[in-house]
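The listed protein sequences correspond, in order, to chains A and B.
Oh and the first sequence: position 191 is 191 in the numbering used here, straight run, nothing missing.
Oh and the second sequence: position 271 is 271 in the numbering used here, straight run, nothing missing.
In short, the hints are calculated from the structure, not lab data.
Be a bit skeptical, because a hint or two may be false.
Quick list of simulated restraints, FRET-style, between CB atoms [stated by the list, open to error]:
1) B:D191 <-> A:P157: 46 to 56 Å
2) B:A64 <-> A:E27: 52 to 62 Å
3) A:S187 <-> B:G74: 44 to 54 Å
4) B:G74 <-> A:R295: 31 to 41 Å
5) A:T67 <-> B:G222: 42 to 52 Å
6) A:G49 <-> B:R335: 24 to 34 Å
7) B:P261 <-> A:A26: 55 to 65 Å
Remember, predicted model here, so these are calculated numbers, not experimental data.
Beta carbons are placed, not taken as given, at the ideal position from N, Cα and C, and that holds for glycine.
2 protein chains.
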Amino acid sequence: MTDTTDMTECAPRPRGQVLGEGYEAAEILTSARLCVDPELRAAVESLPGSLRRIALYHFGWEHADGTPAAGNVGKAIRPALVLAAVRALGGDPLSAVRAAAAVELTHNFTLLHDDVMDRDATRRHRPTAWTVFGDSDAILAGDALQALAQRLLAEDPHPGAPAAAARLAACVVELCAGQQADRALESRGPDEVSLTECLAAAEAKTGALLGCACAIGAVYAGAGADEVEALDGFGRQAGLAFQLIDDVIGIWGDPTRTGKPARADLAARRKSLPVVAALASGTPEGAALAGLYGRGSDQGDLDRMARAVEGAGGRDWAQLHAADRMSRALGELARAVPDPERAGGLLALAEFVTRRSH
Amino acid sequence: MTDTTDMTECAPRPRGQVLGEGYEAAEILTSARLCVDPELRAAVESLPGSLRRIALYHFGWEHADGTPAAGNVGKAIRPALVLAAVRALGGDPLSAVRAAAAVELTHNFTLLHDDVMDRDATRRHRPTAWTVFGDSDAILAGDALQALAQRLLAEDPHPGAPAAAARLAACVVELCAGQQADRALESRGPDEVSLTECLAAAEAKTGALLGCACAIGAVYAGAGADEVEALDGFGRQAGLAFQLIDDVIGIWGDPTRTGKPARADLAARRKSLPVVAALASGTPEGAALAGLYGRGSDQGDLDRMARAVEGAGGRDWAQLHAADRMSRALGELARAVPDPERAGGLLALAEFVTRRSH
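In isolation and in its complexed conformation, chain A is listed as follows (with noise of 0.2 Å):
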């Protein structure tokens, strides 16, 4: 990966010059899980061998006996983020790569802690890591991961490095204080949340982490703090856009596409974006979902209760917020890039992972 010459593999260049067109997103993210698994797949092979297996498997590149499968490690927006950041700053993408490895690593160190908390059972249509291998084993995987994600930063000659890892560390604090307090939140009762906290808990859980991602490419790509903090407020607000998105789909999604049950997110009680809006909407639908949430349910409670949130306007507002968010996002990077032609790399990750349907 030292060869700069040619990024073709790494950041594909636009081939329209129109807005949004420019760039393809699944493009985008095929080209960094290409140049980043590499860096990605030889960390996890770093580790010794008992921690190595449930990592593997965590990134669907084993299966649980140890057999190696095709791999199913998500979509990487993460990294994704990182080197369209770089470019869109005018730095070489190639340079992030470790970074970006970095960045997947640390959320993938959230994701298998989280699953610990959250008891949650199936992730990218698999069983999670506890499941297969008890939950102390998933913790340590994951502090594993963190700390290989430091090391790749702290080995990186890139005079970025430092800043980097610096605000990797700040932002693994933010996650573990958006999961504690999303996890709190979900042990209140229906009436006791307000949209303002879910929103704070989301922007931590989710927003932080994108927007770190961004704000590393743009210290990797030399650029100055007030384009690094821009950049991170964009990554900040189309996180929650993402997440806006996410837990209407967590309702609304089709099974076979999201590989979780349908009304997961409603069967698990989750006190999601929407939920939240609805219970807090003051519409006769929020009270007879607050009435639904507080007892046992089969599947006709749950359709009942997507009713009631549409009833009570809370898809509607989740997908205006989300709307809302994703053009707070656009104005931060606009001020970072005003070149709409620089930014389109960006624009597309965020119009991708705002506007999926699963």
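Following the hints, put chain B in place on chain A, whose structure we already have.
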């Protein structure tokens, strides 16, 4: 902490010329605590409120209800080793206070997580964090402490900081593998574990971080690769000696001094090193111990177990083997620091941890 002319607080000067008497370990530990605590506390205070509370409780700076406590943060052996290693290799200990705090944060991250996994209910004479705040909050606080440790190093302008960060991250991976191996050994039958496996797990779980502390000190002193590795070896071997003595204390220690119930390791059927040595001894007492380990027990049985470990030679073996590891530690130390006077601080610390009786 920018005054480098007055180091009396951070690193007491030798009061005599005789090896081992020139430094008082207790004084070195107290000095290290005085130096490192402000940095450590500032890092913990930087956490968001809900995570901060857990960390302040864990470090003994707050009671469970959030009221201030005197602090009972352990012996600070690891930060003392960092500072003593810097001094032994001719560096300025004050330059490594942040690194010493990072090592102590890392140690405490592993304590928080290990206590969750091992269901240990007491640490430093107090209920463990997970018993007070729940598993998830203890896991999240541990995650945040690992991140804080790396953040301290990433923000440290010292030229040794990136190498120290990389070593610390690699060490965390080894600590995780050690904890995993330790748990795997504990889940096996008494006749299914070998002393070699147990020693390897103890080296990874305990020796690695003591070695890393010393190596980081050497890095901060600007030492060459050979000296850094020798100091890592010194810490590792002293760490194994420490673990062997700790395991002896886990059976024969005085509960009023250890803060743990009498015979705690036997009651928990831990495969500590004296126990495994006894089980592997081929003696009638070893066979009797295997029988006792396989079933429920009252206090009389625990006393019988302790006598069986002793009768099978497990206690003597552990003490002799600790002495052997200590001798290897001193060999490594002499390789890096041939001048016994300069090595005095590290020597005093190593002797302290292996001579303690509680």
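Each hint tested on the structure:
Distance hint check for D191 of chain B and P157 of chain A: the Cβ-Cβ separation is about 51 Å, which falls inside the suggested range of 46 to 56 Å. Checked against the given bound of 52 to 62 Å, the beta carbons of A64 of chain B and E27 of chain A, roughly 54 Å apart, stay inside it. A beta carbon spacing of about 32 Å between S187 of chain A and G74 of chain B contradicts the range 44 to 54 Å that was offered as a hint. The hint said 31 to 41 Å for the Cβ distance between G74 of chain B and R295 of chain A, and at roughly 48 Å that hint is violated.
Evaluation of the 42 to 52 Å hint for T67 of chain A and G222 of chain B yields a pass: the beta carbon distance comes to about 48 Å. Look at G49 of chain A against R335 of chain B: about 31 Å separates their beta carbons, and that is inside 24 to 34 Å. The beta-carbon spacing between P261 of chain B and A26 of chain A, approximately 60 Å, falls within the hinted interval of 55 to 65 Å.
In this structure, the earlier hints numbered 3, 4 are contradicted, and the remaining ones agree with it.
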